[in-house]
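**Q** What follows is each chain in one-letter form.
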Amino acid sequence: MTQYAQTQTTVSEYSELSILQRTDKRDIAYVVYGIVILLMVVCAYLMAIFGWLPHDPEEMQLELMLAGPGAPGHLLGTDFMGRDTLPRLILVIKAYFVPGLMYIAVAILLGGIFGILSGYYGNKYETVVTYITNIIDSFPRLILMLLVVAAFKPDIYYIMMVLGVTNAPLVSQLIKGKISMLRQKNFVESAIALGIPDARIIFKHILWFNCRSYLIIQATLGMGEAILLESALSYLGFGVQEPTPSWGNMVQQGANYLLQGQLWSSTIPAMAIMFTVLGFYLLGDGLNNMLEGKRQS
Amino acid sequence: MNNSPLLKIEELRTYFYSRTKQAFIRSVDGVDLEVNKGDTLGIVGESGSGKSVSMLSIMGLIAARPGIITGQVWYQQEQARINLLAGLQDHVQVSKNDGRIMSVEKTDLAWQRRLEKNMLGIRGKEIAMIFQNPKSAMNPFFTIGHQIVENITRHTQYKSRKEAKERALYWLERVKIDSPQLRFYNYPYGLSGGMCQRAMIATALSSEAKLLIADEPTTGLDATIQARIADLLEELRAQTGVTIVLISHDMGVIGRLSNKIAVMYGGRVMESGPAQAVIDHADGKSHPYTEALLKSIPREDNMSSQGHLNSIDGEVLDTINVPRGCRFASRCQRINKSIEKMCLNEEPPLATVSDGHKIRCWHFAGV
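Heads up: the protein sequence lines correspond to chains H and G, in order. Note that numbering that gives the first Met the number 0 has the first sequence beginning at 0, numbered continuously upward. Note that numbering that gives the first Met the number 0 has the second sequence beginning at 0, numbered continuously upward.
These aren't lab readings, by the way, just hints derived from the structure by calculation. One should not assume that every hint holds.
[Stated by the list, open to error] Calculated pairs, DSSO-like style, for lysine-lysine (alpha carbon to alpha carbon, straight line, at most 30 angstroms): (1) K116(G) - K7(G); (2) K20(G) - K184(H); (3) K158(G) - K203(H); (4) K20(G) - K123(H); (5) K203(H) - K209(G); (6) K124(G) - K158(G); (7) K175(G) - K124(G).
All figures in this text were calculated on a predicted structure; none of them were measured in a lab.
Only chain G is shown next, with the shape it has when bound in the complex (with noise of 0.2 angstroms):
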């Protein structure tokens, strides 16, 4: 039994060149995670912080051209450990300093081929993933017992007919939808959202998959569906012992869900440690963005005083022109006269405040 993580990823970075202002967008840049075996990680962090792209590159599912990937992305498979992202450097130039891609000699083809071949035997058999608006990512001309047979046929050993839809209506019996047998027969236009959110779960897991990447799969239902799927998660969770990533930008969700955290802004990660650590501020350290986001949950004490609920200021960061300093710095309440030409001028570094929490703020930096 090996202790390596699960999932490491170092050093992600995943640029998109935008012609018209002839820029990089920096939508990931530069980051480092960890995954343990039957852990839930929960990402978090504003709309365009880089959550589910940094996911979307881990799957190999960037699709928009030109966008560019590199870094490492080591994945734990029962003999060998596999770098997903192997071969793909080649193509870009790095700064030596930062890391930052300098520019792209990339043949888009060779590239795509490459990352086909690193992807092979791994997207839906070892890593499996569950979107977010569940009917439109089913494939609407098949039934539901279709898609999950052909994905049990395609990846595990019940390679009949008959084993299959056995597999698969225990699968989705499972994820607790009523009557597998007719909804086995059923399209995903005839499911509620809630339904086909349960079906997807059960077409990703029926692969028995060891990893679950699931992109934002509380959004577009309403509160209680959201609530049950959460539950079923963790129950499948407990049950199967799959490891989960959660991305979520719902504090909620992600604190019901995750052991460990991690919470991103403007593609960095900005603090990352376990939930209590995290969330409950178990060591009394926290970063002042998880502090933000904590306080714009709508709940009663999260409200100002003249009413209305809190919210962060300014503008979500412009991923093109990345500021020198701190990412947050424009926006963070925290900062002081003390240390304001820190902040502006360089950014700090991921520093580790007490076991395995580790925040990326000047105020924590000398510790």
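Pulled out of the complex, with its shape left as it was, chain H reads as follows (with noise of 0.2 angstroms):
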């Protein structure tokens, strides 16, 4: 009986836990695995925009294209035009940063606006939020990306801008559910009551407490879509244009020798993708879980 006592975490207990003590392992490896990705970005970055490469990015050495890694002073080889590859791959850090970042706060800055709009006023609010998310949800993204790229021109900016627009709505929908739930509430009724202006009531009672994890999940997740889709459609063509170095026109670069043989110039930006975008989502997961609490079945 006792021991039973003992093995048990009551509800108090529980709070009393630390973070890290009440996490699952998996999830604190995710996580650790995570930040060790976005470290690695940074630094990449940094060293993008300080210029510290290894080697020049644009110099040819066409005795050795299509070289594989370690081949000698190029780390991870070469492409078919005889550019290293490391460089190349540390300078679209500096090309995806900012615009991922910009996707993340265009979506998280118009799907929150939409979402208190409709959450906490409603009414008429809703119906034109629900009206203008239903038009921009009917769109399939990539035709609409690749229309703006059409009628602009091809730069990561506007498809990041078409990304952070067409994200909005789902952004707005998970604010709008959890502030029409807490609306409700008697706490929010009596802090009305209490004289608090709405703006304050909304940012600092509904949705610092409520909705922070939520948008540091989506943010890291954010940052996951914002490559893979880049890469999708560099990889098509619509993307970063040659001759600046994007991981999609790498992989469709180094595609064309595959069948010569040539494993190396296509598959390491292929897997700098798959491991970044991989740390991305798996840190948005781990996060996830350790700042919601898993749900326990």
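Two chains, two frames, a set of hints: combine them into the complex.
**A** In structure tokens, the structure reads:
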């Protein structure tokens, strides 16, 4: 009996545990891996903007075309023009980083505004927001991107902007759900009765505690998604254009030589995509379980 | 020093529109009340009699749309006397002879904005409110102390963090929470229901409001705590001079705390007056509804011959199809042949029967 009591974790004990103690070990591993990837991305970004590259990314060594990893002087090999792969991989981060953040900012800001308007004020706002989000949702995302690229120019900022706008309905729906659920609660009513202004109730009493973890998760997942979609577009030739490197167009160029048995110049950037996107996704997933508390069945 | 009442409600009507039934639900239908400074007004009535809704209307907290409020609520500030519902009547059409709302042409947003503007500086600062179920009415994400400090810095002259904290501890002591230094850092889930209610009273009073609306403050607490909270409210009223409007369906709590009582039924005030007159029948006159309510308090002498507790037969008034006559007529025990016609066909006026004591019944209409 006493042994049973000791192994039980009561609710109050649960809340006494530190956040590391109460999360699953697997989630901690996810988060650690994600943070490593995040650090690598940040390092690569710093290296790219300060120009601390291991090799000149533009220098062509025609005698070393399509070399595999470990070729002399080229840690990750070279591409079809004999350019070193590693500095080109690093340079791509510079192209992804700011647009990726912009995408997240656009999605969260727009989605947040929509969510607050429809969730807290409801009524007419809700109708209007529903119309807008339905219109956005009804466009196939990839085709909208292609349209924008065709109409303006194949620039990563345009693509990320479209991505941000098309992701806003999802963010808005989740925020709206949270707010309209909490709007009914007595404590919001009593906060109104205490004369606290709406903006303060929304941001401090509702959003800060209920949506901050969600926003962190959305940001990390969004970063991974941004990389993935941009790579897909670049692979199709609608994204970043040569000679600016992008993981998508690097994979695409390397793919031309796959049948000749030259695997590496395509697989190295593909692996970079995989590990980075996986890192962001696992970070988001792990953080979700860590901050929101894993749903117990 | 002026003697006008702190809060004067005239012809307050709160209707909700039911889309499915295509009709108005008349939750509050013409309520007139007066609350003087330093009084405790108890509003009593069955569930659905409109007592909570009328007070929520005053605070502008009717969230359900489309809810329609008309009437005048005069609130006496230090210098001016202001109407909390000013401008809202522009949006509704009221029938000339009995003041009922005929149709609404309110654009929701303009209406809401007007209400918010009227309430600015009133809610929380002048009129504070405490709710039932204290545990859900405190924000679960902030400590008790944080919530009180936020209210103090917003509404009083104690602006700095340190002063506000001292003031918050003072209020926690005032409401007799044990070891306020510790409780200051507690979250609402760490407190019992009674303690939470005390903390909420402290939060509401910490803005030094003139009027405290207590919406069933003792519901959801157990009997001993109920009595203590009631005592606490009485003590705070005596110390700070705050005016209290107490809403309850518990005749015991109302009788214990208030010096003025209003009995509501079907969205209308049936009887109002000093507590002695309403509860103890000091002038020998009472409304049949009040009498029936008093008879259903669980007490030994209120048992029927079969050993059951007395209850009021029939159902609570359907506020969509309000009868033409007296609202209580269908359940009234005192109805008799001589006045039956009047009871069923015409609503009695709120007649003054003795000093300050008003009854809405045909038995007393001729006095």
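**Q** Quick one: which hint numbers does this structure break? Sort them smallest to largest.
**A** Of the numbered hints given earlier, the structure breaks none, since each of them holds.
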